[in-house]
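S.K.: Chain by chain, the residues:
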Amino acid sequence: MLSVNGLRTRYGRIEVLHGIDLEVHSGEIVTLVGANGAGKTTLLRCLSGIQPVTEGTIHFRGDNITTAPSYARVKQGLVQAPEGRQIFTNLSVEENLRLGAYQYRDARVDKDLQEAFALFPILREKRNLPAGGLSGGQQQMLAIARALMGRPMCLLLDEPSLGLAPILVDQILETVKSLKELDVTVFVVEQNAFAALSIADRGYVMETGQILMAAPANDLLADDRVREAYLGV
Amino acid sequence: MSEFLQFVFSGLTVGAVYALVALGFTIIYNASSVVNFAQGEFVMLGGMATVFIFDAGVPIWGAAALAILLTATIGILLNKLAIEPARGASVVNLIIITIGASIFLRGLAQIVFDKQIHRFPAFSGDTPFNIAGATLLPQSIWVLFGAAAVFIGLYAFFTRTLMGKAVLATANNRLAARLVGINTNFIMALSFALSAAVGATAGVLVTPITLTSYDIGVMLALKGFAAAMLGGMGNPFGALVGGLLIGLIEATTAGYLSSDYKDAAAFIVILLTLFVMPQGLFGQKSMERV
Numbered sequence: 001m002l003s004v005n006g007l008r009t010r011y012g013r014i015e016v017l018h019g020i021d022l023e024v025h026s027g028e029i030v031t032l033v034g035a036n037g038a039g040k041t042t043l044l045r046c047l048s049g050i051q052p053v054t055e056g057t058i059h060f061r062g063d064n065i066t067t068a069p070s071y072a073r074v075k076q077g078l079v080q081a082p083e084g085r086q087i088f089t090n091l092s093v094e095e096n097l098r099l100g101a102y103q104y105r106d107a108r109v110d111k112d113l114q115e116a117f118a119l120f121p122i123l124r125e126k127r128n129l130p131a132g133g134l135s136g137g138q139q140q141m142l143a144i145a146r147a148l149m150g151r152p153m154c155l156l157l158d159e160p161s162l163g164l165a166p167i168l169v170d171q172i173l174e175t176v177k178s179l180k181e182l183d184v185t186v187f188v189v190e191q192n193a194f195a196a197l198s199i200a201d202r203g204y205v206m207e208t209g210q211i212l213m214a215a216p217a218n219d220l221l222a223d224d225r226v227r228e229a230y231l232g233v
Numbered sequence: 001m002s003e004f005l006q007f008v009f010s011g012l013t014v015g016a017v018y019a020l021v022a023l024g025f026t027i028i029y030n031a032s033s034v035v036n037f038a039q040g041e042f043v044m045l046g047g048m049a050t051v052f053i054f055d056a057g058v059p060i061w062g063a064a065a066l067a068i069l070l071t072a073t074i075g076i077l078l079n080k081l082a083i084e085p086a087r088g089a090s091v092v093n094l095i096i097i098t099i100g101a102s103i104f105l106r107g108l109a110q111i112v113f114d115k116q117i118h119r120f121p122a123f124s125g126d127t128p129f130n131i132a133g134a135t136l137l138p139q140s141i142w143v144l145f146g147a148a149a150v151f152i153g154l155y156a157f158f159t160r161t162l163m164g165k166a167v168l169a170t171a172n173n174r175l176a177a178r179l180v181g182i183n184t185n186f187i188m189a190l191s192f193a194l195s196a197a198v199g200a201t202a203g204v205l206v207t208p209i210t211l212t213s214y215d216i217g218v219m220l221a222l223k224g225f226a227a228a229m230l231g232g233m234g235n236p237f238g239a240l241v242g243g244l245l246i247g248l249i250e251a252t253t254a255g256y257l258s259s260d261y262k263d264a265a266a267f268i269v270i271l272l273t274l275f276v277m278p279q280g281l282f283g284q285k286s287m288e289r290v
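Those protein sequence lines, which keep their order, are chains X and H.
For the first sequence, position 26 matches number 26 in my numbering, and the numbering has no gaps at all.
For the second sequence, position 250 matches number 250 in my numbering, and the numbering has no gaps at all.
Because the hints were derived from the structure by calculation, they are not lab data.
A couple of the hints might just be wrong.
What the hints assert, rightly or not - Here are some chain H residues the structure puts well away from chain X; computed CB gaps all over 10 Å:
# : residue
1 : F52
2 : H118
3 : L274
What the hints assert, rightly or not - Computed from the model, here is a short list of chain X residues facing chain H with C-beta under 7 Å:
#  : residue
4  : Y71
5  : V74
6  : Q80
7  : P82
8  : F88
9  : N90
10 : Q103
11 : L212
All C-beta atoms, glycine included, are put in the ideal place defined by N, C-alpha and C.
From just these sequences and the hints, can you work out the full model?
M.R.: Written out as structure tokens, the structure is:
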């Protein structure tokens with residue numbers, strides 16, 4: 001579904017991703033774990049067309065989208081849920097969600113809105129309030145729900161657990177897991193390696209702009225180096 | 001009493017023009033947080049282009065429509081050639097670019113048009129209505145209704161349409177706007193076109209009353225800015241009320257005090273607004289949890 005080959009990118013003169021290869025198959029939950037500053041969010045920005053790629057290619061469902069504008073990628077079904085602060089703070093919760101379906105004007109938008117509310121009931125409660133007033137966890141839910149409004153075939157999730165209380169982390173990850181039943185492929189980037197690996201099928205470990213390891217999630221959870229470096233055991 | 005009514009009429013007329021300038025500010029501000037100081041030049045271009053197209057033999061409606069279209073195109077070019085290349089620059093830098101653009105457009109108008117003062121005939125003649133001892137020009141009614149129509153259109157656009165929300169979303173968080181699939185370059189071009197068209201409309205409506213020349217834009221931009229500040233930057237309703245208030249304050253100052261102080265009135269309002277309530281009459285206090 002999503003395939004990245006030899007991807008490099010730079011901020012100014014400094015290269016931050018040094019040839020990334022990775023593959024996400026249809027129906028999988030794949031996670032990319034790594035420490036702060038490893039380049040995880042930069043990779044997501046490349047995948048969404050926010051950060052230009054200097055070398056290498058990105059293919060999505062067979063199409064080369066390496067230089068496609070971000071709105072075209074969303075239309076094709078590659079949708080990113082950025083970390084929770086990237087919401088429209090001055091618009092209401094419902095307006096945020098409706099903008100998630102910006103490219104669609106059909107009846108399914110209202111149906112999807114109800115589904116998003118069913119998934120995160122707190123958002124229904126606060127639908128008419130400005131999104132800037134939501135708590136961190138609620139903003140995170142809003143960012144995910146808004147991405148789901150964009151009808152993703154492949155959902156890119158940036159640090160869904162960032163800044164959340166442990167109980168909320170579990171709740172968000174359960175939700176991510178349940179997306180599988182909706183036929184949504186998920187690529188989730190996380191600092192919280194244990195949480196991410198526990199719901200994923202496969203995992204990649206990233207460090208200073210390179211992929212160090214790629215293996216089924218269970219193998220990574222059992223790997224001594226991973227346990228030491230990222231799981232704190 | 002008839003004297004006061006006269007001041008009200010002239011205040012509302014000129015205030016409606018300030019309101020249109022302020023609405024132009026509002027659109028671009030809502031899309032990009034930039035205050036476009038070339039807004040007054042859009043008004044000038046609308047009036048001047050109508051004059052010259054009309055003189056070339058095109059009927060007044062056609063001339064007005066062409067002038068508005070032309071100004072909208074210049075708005076798009078301004079965005080494409082001056083604002084877009086400076087992407088990533090701070091808002092202050094972008095505002096300085098718009099000041100440069102306004103000087104450039106003024107110079108260009110001097111060359112392409114001329115330095116004379118111009119007008120074209122009023123839409124419905126020059127015979128004034130007599131209301132309770134005060135006179136009201138038919139063109140003033142055009143100006144007032146034009147401003148009302150533009151306001152209603154914009155208000156509906158920003159509160160009722162998804163594209164209007166997309167403009168607000170682009171200003172609020174451009175990264176997030178791109179991630180939900182909004183073509184932010186298009187939104188910026190659209191808001192510049194819209195804003196230029198609104199400014200040009202003001203120029204078309206008011207030229208038969210106030211006349212026009214290449215340099216009317218500076219004062220209009222400042223007065224419109226005062227109106228937008230007073231009403232609360234970014235709020236279309238505030239722009240409308242602010243514009244009318246500035247017009248009324250100006251007309252009564254000129255009438256009861258001295259017309260020498262007419263222009264000072266708007267600037268005193270800017271200062272008072274900044275001192276007493278920087279968010280304006282209808283501006284939102286920004287609330288954000290971090």
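S.K.: Now tell me, hint by hint, if it's right for this structure.
M.R.: Each hint, compared with the structure:
1. F52: holds, 39 Å
2. H118: holds, 42 Å
3. L274: Holds, since 22 Å exceeds 10 Å.
4. Y71: holds, 5 Å
5. V74: holds, 3 Å
6. Q80: holds, 5 Å
7. P82: Given a least distance of 6 Å, the restraint on X/P82 holds.
8. F88: Hint on X/F88: holds, closest Cβ of chain H at ~5 Å, below 7 Å.
9. N90: holds, 5 Å
10. Q103: X/Q103 check passes; min Cβ-Cβ to chain H is 5 Å, inside 7 Å.
11. L212: violated, 28 Å
When each numbered hint is compared with the structure, a violation occurs for hint 11 only.
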